[in-house]
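Undergrad: Here are the chains, one letter per residue:
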Amino acid sequence: MSGAGVSCPGCGSSNIVDDDLYSQAQMVCVDCGSVVSEGVLAHDPNGGSDVSYSWTTAVTRKPCVNLVKGLQRVKAICRILRVNKEIEDLSQTYYKQAYQHQTFIKVSLQKKEVLAGCCVLVSCRLLNWPITMATMSCLLDADPMVVGVVYQEMVKVLRIEAPIVNVTDVVEAHSQEYKISLLHVPEQLAENSKDLAKRAVALVELAADTWIVTGRKPIPIMMAAIYLAWQSLKPSKQRLKFTLDRFCQIAKVNKHRTALKRITEMKEVLCKLGREIPWVREEVTPDNVVRQVDDILKNRYALLRRALRTHEDALQAEDSVTEEVASSQASEPVEHTPNASAVELYGLNSERTQQPGDGNESPCTAPELQNDSQESQESAPNWGKRMLFAPPCVTHPKRRRAGLPGLQDVNGDEEISDSEIDSYIRTPREAREFALTQKILSLSESEKS
Amino acid sequence: MDSSNDDALDIIITNVVATFRTRCHLNLRTIALEGTNVIYKPEVGKVLMKLRKPKITASIWSSGKIICTGATSEDEAKLGARRLARVLQKLGFKVRFSAFKVVNVLAVCSMPFAIRLIDFTKKNRPIASYEPELHPAVTYRIKHLKATIQVFSTGSITVTGTMGSFDFREAIRAMPLR
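Top line first, the protein sequences correspond to chains Z and Y. If you're matching positions, the first sequence starts at 1 in full-length UniProt numbering and goes up one per residue. If you're matching positions, the second sequence starts at 1 in full-length UniProt numbering and goes up one per residue.
For the record, the hints were derived by calculation from the structure and aren't laboratory data. Beta carbons: idealized from backbone N, C-alpha and C, even for Gly. One should not assume that every hint holds.
As the list claims (entries may be wrong) - Take a look, some chain Y residues computed to stay more than 12 Å from chain Z by CB distance:
1. L28
2. V44
3. S63
4. R96
5. R116
6. E133
7. I142
8. E170
What the hints assert, rightly or not - Short, incomplete list of chain Z residues facing chain Y, as computed with Cβ under 10 Å:
9. V165
10. W211
11. N411
12. D413
13. Q438
Please build the complete structure, drawing on both the sequences and the hints.
TA: Right under this line is the structure:
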């Protein structure tokens, strides 16, 4: 029983035999007695050890593999976004903290990846590097709602107070995505990205002042602003004919359907301001307002003030007419008057506040009810229609079906009559017929398939 | 505390959610067969039953737990729940109406002015949270009243919580909207 062709390192003889010592296999040289090789002393028990991995001391010695991988993923995301070192370090710290918190230690690996993205997102926000959640969801290839849920939970758990992303900050970064420079498109369609970003920022600021931005998702607004900026920087016939669809095609960006609505809203606002330009003779409509955008943006604060003044004058004229009508009719109960006159005051107060661009949009002054004029029988049920700029949902409210009035004078403990209850129960005959019909239906379905 | 929030405080309760138990096992198939206005959902394991008056939708589980939604006041919810229990009694189950509890009340109110959400959030950190990419309104949680208030830029305010409807006014008054 000599080993095949093995020689002893000690004496060189080839006389090697198997000589098992208890449960350990050993190859021993007969001449000098040295052990040439030996097998394993003890095997791992069949079916794994009695002690599970998380209970062994290996856990404390080696950091969790997924944590390490997660930290690397955080680093990778930071590198892709090209953020600075501070943000990278901060996001890694947050990830470590969040990962080991009980809310996140047992979630799926997919959620842990989303958590990595959220840590980067919150660090960017804290250190003034604005990115949107939509960008992050694209990077992670995850559903934006899932990202949102994980983000909110993480912020709650780590008790972070992150500042809100200002849309104007993000516009510049966002406009880089649009491939509309001379390198990508012919000259008539090309635009310098700096000019484009600057004009888009001005448009977004105007939109923010006039209630188009509040509460809405930022990306469609930015897309609308960039499209209008592109059109207005060189308002040639060709560019004006370009639809949003085609624009997104040549800029190689995915179109958002809501951007169309934002474009309409922005054009409406621009028209309202465009009408106040003294040197424009023709009527300003949404079709031709793009040519005036340059002038409008340059003088937007002055135009805003003028528009508000004109609107206020119009309102006052209207009120004096309706007052005359109202005085000859029965007056409305007093409750309605504070509502309507307070609204009118916002128009008045705003003119007096000299802050540029703030107009009547910030109702920050408490209304003093100077005008307790008897407002007309039409007590402005929609306060938004009386203001020049109001959130679009208010100026175009959705038609609601009048809800059925609830039961009056109910105390919960009344008697319930039998006849009422019987209306909810099928008679035995109906029940039999119903069962029969169901059987027939299921039979015919199984016959079909 | 801003008493100027008092104008136009038309608080309308739009939904009341309540639960109760019947203390007996319910056979969902029987209910589906012998009840009118029912929808049987075997994949989820429940039956949806709709009452006409009060207009309530009830989810009935075989364990005997029932959730009623759609009432416009707490008393209406109780009446609807009792009516439902009577129907189940008539269908032959040994129902005992117990553990009735109003779980959630949703109320809506409308301010006659627009609200700047970003300034509002900045003034009210960390109670207020605003993520325009996720939801158009600012979420404002009042812990001691266990209520969640959502403030929209159009001036609409919705309040959700387990408190009584009279407390809603307090909650809205307590918010600095201007």
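Undergrad: Each hint needs a verdict: does it hold in this structure or not?
TA: Hint by hint, here is what the structure shows:
1. L28: At about 15 Å from chain Z, L28(Y) clears the 12 Å cut-off, so the statement holds.
2. V44: Given that every Cβ of chain Z is farther than 12 Å from that of V44(Y), nearest at about 19 Å, it holds.
3. S63: S63(Y) is indeed farther than 12 Å from all Cβ atoms of chain Z, at 21 Å.
4. R96: holds (16 Å)
5. R116: violated (6 Å)
6. E133: E133(Y) is in fact no farther than 12 Å from some Cβ atom of chain Z, at 5 Å.
7. I142: holds (16 Å)
8. E170: Correct as stated: the minimum Cβ-Cβ distance to chain Z is 20 Å, above 12 Å.
9. V165: holds (8 Å)
10. W211: holds (6 Å)
11. N411: holds (5 Å)
12. D413: holds (7 Å)
13. Q438: It holds, given that the least Cβ distance between Q438(Z) and chain Y is near 9 Å, below 10 Å.
Hint compliance for this structure: hints 5, 6 are broken, all remaining hints hold.
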